[in-house]
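Chemist: Below are the chains, spelled out letter by letter.
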Amino acid sequence: MPRTAKKNPVDNIFSLVTAAASFSVIILIIGILYVLLSESSLAIGKFGIWKFLSSTDWDPVKESFGALTNVYGTAFTTLLSLVIAIPVAIGIAIFVTEISPNFLKGPIGAAIELLAAIPSIIYGMWGLFTLSPIMSNHIEPFLKKIFGSVPLVGILFQGTPMGIDILTASVILSIMIIPFTASISRDSFNLTPSVVKESAYAIGATKWEVVKNVVIPYSKLGVFGGIVLSLGRALGETMAVAFVLGNNHRITTSLFDAAATITVTLANEFTEADTDIYLSSLFYLALVLFVMSFITLAIAKFFLLRAEKKYSR
Amino acid sequence: MTREQIRKTEGFIALTLSTLAAFMGLFWLVFILGDVLVHGIKALKLSLFLNDPAPPGVEGGGLRNAFVGQLLITVCATLIGVPVGVLGGTFLAEYARGRGIARIISILSDIMVSVPSIVIGTFIYAVLVRPIGHFSGWAGAVALSIIMIPVVLRTTEDMLSLVPWTLREAAFALGAPYYKVITQVVYRGAATGILTGILLSIARVAGETAPLLFTSFNNSFFSLDMKQPVASLTVTIFQYAMGPYDNWHAQAWAAAFVITVFILLLTITGRLIIRWRYK
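In the order they appear, the protein sequences are chains A and B. This note's numbering numbers the first residue of the first sequence as 1 and each following residue consecutively. This note's numbering numbers the first residue of the second sequence as 314 and each following residue consecutively.
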């Protein structure tokens, strides 16, 4: 920046205004943290930190609240959706970078990214009216027939398939996060120097061997960052799951059970909370979610920055 | 089988699966959009835009209040979010270019872009709804603008960084102070990019529901008063889709159709502009 240019008084004002605008991001983060902390102080005082996180109670009548059922639901749906989404997303990235003819690369990539532009409420509504009946009538009975009697795995497939359950919610979440993982993986794959790939081809490797042994190892930092970023987004997704998860505050083991995530609990109960401790516990839940997703997203950013640094060398 | 055959078969299977994955992605896109299209067009009537909601369970009525409310909230959010975002991005790319603080704010903004929107709803509820005593359109607009600021800020920063430094030097050489260089040279060079970023950020917040649930809430009557609860399409879709009446469901599909088309058009326009301008 040229030092002489700063002497102008209007310039000083303009630089201060822009500085204030950019510091608003920091102020917002600190503000959100502070407000959530002070709003939940009543619940923090009553339930403590560890007791709140480990209690399965969620009883507005007895005014006893714990986060475990919500955190469990969030973790369960998020992890299951990642299990479904990661192979598909990486498959898409492989197709777009290595297999697809050139004229299809752009359109298919753009189409997948359009999935990310559809608002989450549309996903939720589509899930409720279209996907949920398909799941309960066809896919879930089928899964139950195959896996229901298998020891250990069978636990996941107990109960009556209703379509309003963990599995349906996870499938919708996975569709929502596929574009994020896929486009970051694609960008990372594209950064593999073609010289390295060509050397592998030259010693007789097949296309899949090049992808598996050269491209993926080379770009694993970026792909991993993309996966963690998707995890962070899935943690905070509200509307897509609010329609199809039920709102069930119990620890359940079957994929066919209704559950509650932090976001779904907030969406359904926030305006109904009639006592101070109830509302304060909901703020406490929001605080837990904010901290969880902030840390996850920070980790994702860390890996993506490391990847960027590595490739730019 | 010889080793070569095993390697070839393995490769064939893996590549086929990848191709299937790509088609699965396309399948979901076509499935979801097709579904919204079919159900939405069926329920799309002129009365939807002209009438206000009928009492629950009564046939007819429209969503005029929600269309207008959505527009009002989104425009107000844009009016708050865009100036802050553009000015903030200007600071990062110009005055603080290359400094540690620019990097920190840039990283924090990237994180803020993905922070759960429902948390922002609870935050605004605590600062703007409860102290005042009732839900309001302004609270909803502020919640959306908080989501918008980091998006606009980051794209502005990126777009300003693309403007060649020599262009600024040319202006400095004429004796222009930095603010004039920024407003008259740098902004002009980056205008298309910044506008695209704004378009995409509007597309991003127009479909948000979670931050509006506890801020602008809902209103079954037509209202232009931003100090009162204001209906929005997204919250109405949530309420109607979860409700028990068939005509509510139909109207929810129609609303979903309108909002999806609007957002996809904005997104596609934004991307086309980027491609046309920067590639």
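Just so you know, not all the hints are guaranteed correct.
Said to hold, decoys possible - Computed cross-link-like contacts, DMTMM-like style, restricted to lysine to aspartate or glutamate with a CA-CA straight-line distance of at most 20 Å:
1) A:Lys212 - A:Glu98
2) A:Lys207 - B:Asp365
3) A:Lys46 - A:Asp187
4) A:Lys197 - B:Asp559
5) A:Lys220 - A:Asp274
6) B:Lys321 - A:Glu209
7) A:Lys207 - B:Glu317
Unchecked claim - Reference excerpt, derived from the structure (chain A facing chain B, CB under 8 Å, subset only):
8) Asp11
9) Phe14
10) Ser15
11) Ser22
12) Phe103
13) Lys105
14) Ile108
15) Met125
16) Val196
17) Ala200
18) Ile203
19) Trp208
20) Leu229
21) Arg233
22) Ala273
23) Ile299
Hints were generated in silico from the structure; no laboratory data involved. The structure displayed is predicted, hence computed values, not measured ones. Note that the Cβ used here is the ideal one computed from N, Cα and C, for glycine as well.
Chemist: Does each hint hold? Answer for all of them.
Modeler: Now for the hints, and whether the structure bears them out:
1. A:Lys212 - A:Glu98: holds (12 Å)
2. A:Lys207 - B:Asp365: violated (60 Å)
3. A:Lys46 - A:Asp187: Answer violated: Lys46 of chain A to Asp187 of chain A is near 48 Å, above 20 Å.
4. A:Lys197 - B:Asp559: Measuring from Cα to Cα gives roughly 57 Å; hence the hint is violated.
5. A:Lys220 - A:Asp274: violated (49 Å)
6. B:Lys321 - A:Glu209: Since the Cα atoms of Lys321 of chain B and Glu209 of chain A sit roughly 10 Å apart, the hinted pair holds (cutoff 20 Å).
7. A:Lys207 - B:Glu317: holds (13 Å)
8. Asp11: Hint holds; Asp11 of chain A Cβ to chain B Cβ min 5 Å, cut 8 Å.
9. Phe14: Hint holds; Phe14 of chain A Cβ to chain B Cβ min 4 Å, cut 8 Å.
10. Ser15: holds (5 Å)
11. Ser22: holds (4 Å)
12. Phe103: Status violated, d = 14 Å.
13. Lys105: Result: violated, 11 Å to nearest chain B Cβ.
14. Ile108: The hint holds - Ile108 of chain A has a Cβ within 8 Å of chain B, the shortest such distance being about 6 Å.
15. Met125: Because about 5 Å separates Met125 of chain A from the closest Cβ in chain B, which is inside the 8 Å limit, the hint holds.
16. Val196: Constraint on Val196 of chain A not satisfied, violated at 18 Å.
17. Ala200: For Ala200 of chain A, the interface hint is violated, since the closest Cβ of chain B sits about 13 Å away, which is over 8 Å.
18. Ile203: With a closest approach of 13 Å, the Ile203 of chain A hint is violated.
19. Trp208: holds (4 Å)
20. Leu229: Because about 7 Å separates Leu229 of chain A from the closest Cβ in chain B, which is inside the 8 Å limit, the hint holds.
21. Arg233: Holds, about 5 Å.
22. Ala273: violated (10 Å)
23. Ile299: violated (10 Å)
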